[in-house]
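K.L.:
I would like the entire structure built from these sequences, with the hints used as guidance.
Here is how the chains run, residue by residue.
Number of protein chains: 2
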Amino acid sequence: MEKSVSPERALELVLQHVPAPGRSACPVEQALGRVLAEQVLAPVDYPAFDRAMMDGFAVRATDAGTSVIVAGEASAGHATRSVVEPGRCVEIMTGAPCPAGTEAVVPVENTTREGDRVRLPDGIRPGRHVQTRGQICTQGARILEPSTLITPLALGVLVSFGRSEVSVYDRPRVGVISTGDELVEGAADPRLGQIRDSNGPMLAALAREAGVADVRRLHALDTQQSLDQTLAAVRDCEVVVLTGGVSMGRYDLVPRMVQATGAEPVFHKVTQQPGKPLFVAAGPGRLIFGLPGNSRSTHFCFVRYVAPALRRWMGRQASVGSWRGRLTEPYRCKSDRTLFVPMRADPGPDGTMQVSPFDERGSADIYNIARANVYARFEPGEHALETGDEVTFAWMNEGHG
Amino acid sequence: MEKSVSPERALELVLQHVPAPGRSACPVEQALGRVLAEQVLAPVDYPAFDRAMMDGFAVRATDAGTSVIVAGEASAGHATRSVVEPGRCVEIMTGAPCPAGTEAVVPVENTTREGDRVRLPDGIRPGRHVQTRGQICTQGARILEPSTLITPLALGVLVSFGRSEVSVYDRPRVGVISTGDELVEGAADPRLGQIRDSNGPMLAALAREAGVADVRRLHALDTQQSLDQTLAAVRDCEVVVLTGGVSMGRYDLVPRMVQATGAEPVFHKVTQQPGKPLFVAAGPGRLIFGLPGNSRSTHFCFVRYVAPALRRWMGRQASVGSWRGRLTEPYRCKSDRTLFVPMRADPGPDGTMQVSPFDERGSADIYNIARANVYARFEPGEHALETGDEVTFAWMNEGHG
Numbered sequence: 000m001e002k003s004v005s006p007e008r009a010l011e012l013v014l015q016h017v018p019a020p021g022r023s024a025c026p027v028e029q030a031l032g033r034v035l036a037e038q039v040l041a042p043v044d045y046p047a048f049d050r051a052m053m054d055g056f057a058v059r060a061t062d063a064g065t066s067v068i069v070a071g072e073a074s075a076g077h078a079t080r081s082v083v084e085p086g087r088c089v090e091i092m093t094g095a096p097c098p099a100g101t102e103a104v105v106p107v108e109n110t111t112r113e114g115d116r117v118r119l120p121d122g123i124r125p126g127r128h129v130q131t132r133g134q135i136c137t138q139g140a141r142i143l144e145p146s147t148l149i150t151p152l153a154l155g156v157l158v159s160f161g162r163s164e165v166s167v168y169d170r171p172r173v174g175v176i177s178t179g180d181e182l183v184e185g186a187a188d189p190r191l192g193q194i195r196d197s198n199g200p201m202l203a204a205l206a207r208e209a210g211v212a213d214v215r216r217l218h219a220l221d222t223q224q225s226l227d228q229t230l231a232a233v234r235d236c237e238v239v240v241l242t243g244g245v246s247m248g249r250y251d252l253v254p255r256m257v258q259a260t261g262a263e264p265v266f267h268k269v270t271q272q273p274g275k276p277l278f279v280a281a282g283p284g285r286l287i288f289g290l291p292g293n294s295r296s297t298h299f300c301f302v303r304y305v306a307p308a309l310r311r312w313m314g315r316q317a318s319v320g321s322w323r324g325r326l327t328e329p330y331r332c333k334s335d336r337t338l339f340v341p342m343r344a345d346p347g348p349d350g351t352m353q354v355s356p357f358d359e360r361g362s363a364d365i366y367n368i369a370r371a372n373v374y375a376r377f378e379p380g381e382h383a384l385e386t387g388d389e390v391t392f393a394w395m396n397e398g399h400g
Numbered sequence: 000m001e002k003s004v005s006p007e008r009a010l011e012l013v014l015q016h017v018p019a020p021g022r023s024a025c026p027v028e029q030a031l032g033r034v035l036a037e038q039v040l041a042p043v044d045y046p047a048f049d050r051a052m053m054d055g056f057a058v059r060a061t062d063a064g065t066s067v068i069v070a071g072e073a074s075a076g077h078a079t080r081s082v083v084e085p086g087r088c089v090e091i092m093t094g095a096p097c098p099a100g101t102e103a104v105v106p107v108e109n110t111t112r113e114g115d116r117v118r119l120p121d122g123i124r125p126g127r128h129v130q131t132r133g134q135i136c137t138q139g140a141r142i143l144e145p146s147t148l149i150t151p152l153a154l155g156v157l158v159s160f161g162r163s164e165v166s167v168y169d170r171p172r173v174g175v176i177s178t179g180d181e182l183v184e185g186a187a188d189p190r191l192g193q194i195r196d197s198n199g200p201m202l203a204a205l206a207r208e209a210g211v212a213d214v215r216r217l218h219a220l221d222t223q224q225s226l227d228q229t230l231a232a233v234r235d236c237e238v239v240v241l242t243g244g245v246s247m248g249r250y251d252l253v254p255r256m257v258q259a260t261g262a263e264p265v266f267h268k269v270t271q272q273p274g275k276p277l278f279v280a281a282g283p284g285r286l287i288f289g290l291p292g293n294s295r296s297t298h299f300c301f302v303r304y305v306a307p308a309l310r311r312w313m314g315r316q317a318s319v320g321s322w323r324g325r326l327t328e329p330y331r332c333k334s335d336r337t338l339f340v341p342m343r344a345d346p347g348p349d350g351t352m353q354v355s356p357f358d359e360r361g362s363a364d365i366y367n368i369a370r371a372n373v374y375a376r377f378e379p380g381e382h383a384l385e386t387g388d389e390v391t392f393a394w395m396n397e398g399h400g
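Going line by line, the protein sequences match chains C and G. Residues in the first sequence are numbered consecutively from 0, following numbering that gives the first Met the number 0. Residues in the second sequence are numbered consecutively from 0, following numbering that gives the first Met the number 0.
No lab work stands behind these hints, which were simulated from the structure alone. Hints are not guaranteed to be accurate.
Because identical chains cannot be distinguished in the list, a pair is counted as satisfied if it fits within a single copy or across any two copies.
Stated by the list, open to error - The calculated EDC-like cross-link candidates involving lysine to aspartate or glutamate, where the alpha carbons are at most 20 angstroms apart (straight line), are:
{"#": "1", "residue 1": "2", "residue 2": "108"}
{"#": "2", "residue 1": "333", "residue 2": "389"}
{"#": "3", "residue 1": "333", "residue 2": "358"}
{"#": "4", "residue 1": "275", "residue 2": "381"}
{"#": "5", "residue 1": "268", "residue 2": "108"}
{"#": "6", "residue 1": "275", "residue 2": "11"}
P.N.:
Shown next as structure tokens:
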């Protein structure tokens, strides 16, 4: 087990212990937000036939500037027997297959109807407003690669190919365990010395936001027996996130009990603020995170370490990248560790990100930072930044918020 | 009804017709991603008692540098009768209420145990590692304002206040109608002239991604009767999104049939590419969008007009802002309308957004652009941009992708 690792090394170690993702078949219409686990090739030419791209008339290009007979019509979804010949056009709707002989489609607004004839404009470019078979993609073309997030657009592509199922990466089951005798469930009234367990619901929400569907939430007391039972109850969860019980006090059973489940410790402590006591263990096919119980530490550790592990687990890129913005007010800070500070980033009128610090009240304050959407990063040392100075940040979630 | 409006005017008109959002109570643990419809005040001081922030010893500051008797212990969640007096400390766990007489908490790692005594470090600052009652927020403090998105962090705040329900803005029901005789459902095999309906599933996915829970999907043929029946079937949907049937051909019944439902036309046609034939109508408490049937037009019109309307409907900021990035390769384009081009944006190593165009094949190509996550915007005219030139863009969805 490594001790007191850097934030970079900690993330690297976490990601090294993520197993190769599993995959399953998923109905396409339920695949929004899932991650593709196969390469998708175009099964046929698209479009499958020469297709009109405007409502108008299918014509011969050489008939430009003349009046031609409207010899039939072709509408979307219906086959037509009409044929385009010199002096004869076919009325056509957007999406309809072009009749034999079509050289171009002239939009209806560029024509003048004259009884059973229509006057065509001058200069008709051959191929205009016609999409030829295979023009967009030919059979066998590589359209979507594995690890692509299935957005609405990608889902549309899959449906248009007639796919009813698609191979996607599995999502791990996540168990969230809040530890501590002092915790009471949200609805109960805390007695003196007790506090409501807000970390559990917050961590479960973070896991859902990261795309996990199966999140179980439990509470363990600060006893060996309770922790043991709780860990046993999430035995089938591939990712377990505990909050509390990883710092130095005598009730800090978590690292010991986690190892008793058969998981190997990966590291303990990170040279970061908040979240210094972070403990990570890896079992066969599992990852167990012991997050500090402080709400802000636990939130930060999830965002920085658990969320990237979940993303990689589901076949996605672990990192969401490092961003830059400019401070909307002066900011001073000092730490001997790498400091991560919740702030609010919004795009400014000139397109650069405007980053605003909060008037926060210490390391347990989730109230005055409740609208934060990024963690700004400061290297160890003292920083005195002015309005407009650049800061580096990472989003708290992929949805940026 | 206005005609051929600018993209700015079109968005303004759409947003003007969004009714004031309704609100309902929602269980807090289901409120992730919903939008707060109330102002949340701190119901009590937080913390509610003086609280140890480290595992260690509650001490008198004046005992610094001496060895003191460990006179008891205070653990989180348990009341203690022990008292801190000169020469006597109390062992304390993170989160525990500080015993009477506590002036500071000394972390265990800064002390040396000597039997039933403990040696304290020199220089103990009064108040160190103690969070005093109300330090983070006092009763009545304004914590969350209406229209705040309920992130995991905000959810944690609500739970810590003991809230089991919270007032959130309602989400509209959305009906998606794909129109066209040529459409077949995804699983069926299209005959000549037919195509699979990929717009319906894509639009439904876009609505879900925008946060809508109740999305109904229907298909209408190009007949008055079919369209009439289909519109009747989504009578209870506050937002109706039709795709196809808004351009100039004789089968373009949509604007007429939408008006027959009692909705007033707001505008028809926008000086944009794609999506010129966009038609919008507003009924009492409803918005009806007639999107062009071309897949790319329909996607773009949803992203630019329907999604902001849904966001405002749900009490959120309609706009996700305008962003800037730099092209990763040269790009040329020309249009007499405002041009919106699907591209891919990713943060570069220096934190600026890198924007990549696709090798796309025309206005119906969703295949070669399937990984797009932004719409780059170009004003009317001709543009010849080089690698590194700046482009303005908007994300395709809030999750950026």
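K.L.:
Does each hint fit the structure? Answer for all of them.
P.N.:
Hints, verified against the model:
In the homo-oligomer, the alpha carbons of residue 2 and residue 108 lie at most 20 angstroms apart only across protomers (16 angstroms), although the nearest pairing inside one protomer, at 74 angstroms, exceeds that limit. In this assembly of identical chains, residue 333 and residue 389 lie within 20 angstroms of each other by CA distance solely inside one copy; the values are 17 angstroms within and 36 angstroms between copies. For the identical chains of this complex, residue 333 and residue 358 are intra-copy neighbours only, at 16 angstroms inside a copy versus 48 angstroms across copies, given an alpha-carbon limit of 20 angstroms. When the C-alpha separation of residue 275 and residue 381 is checked against a cutoff of 20 angstroms, the pair qualifies only within one copy, where the shortest distance is 19 angstroms, while the shortest distance between copies is 55 angstroms.
Proximity of residue 268 and residue 108 under a CA criterion of 20 angstroms is satisfied inter-copy only: 14 angstroms between copies versus 71 angstroms inside one chain copy. Taking the shortest alpha-carbon separations for residue 275 and residue 11, only the intra-copy value of 16 angstroms comes in at or below 20 angstroms, while the best inter-copy value is 49 angstroms.
The structure agrees with every numbered hint stated previously.
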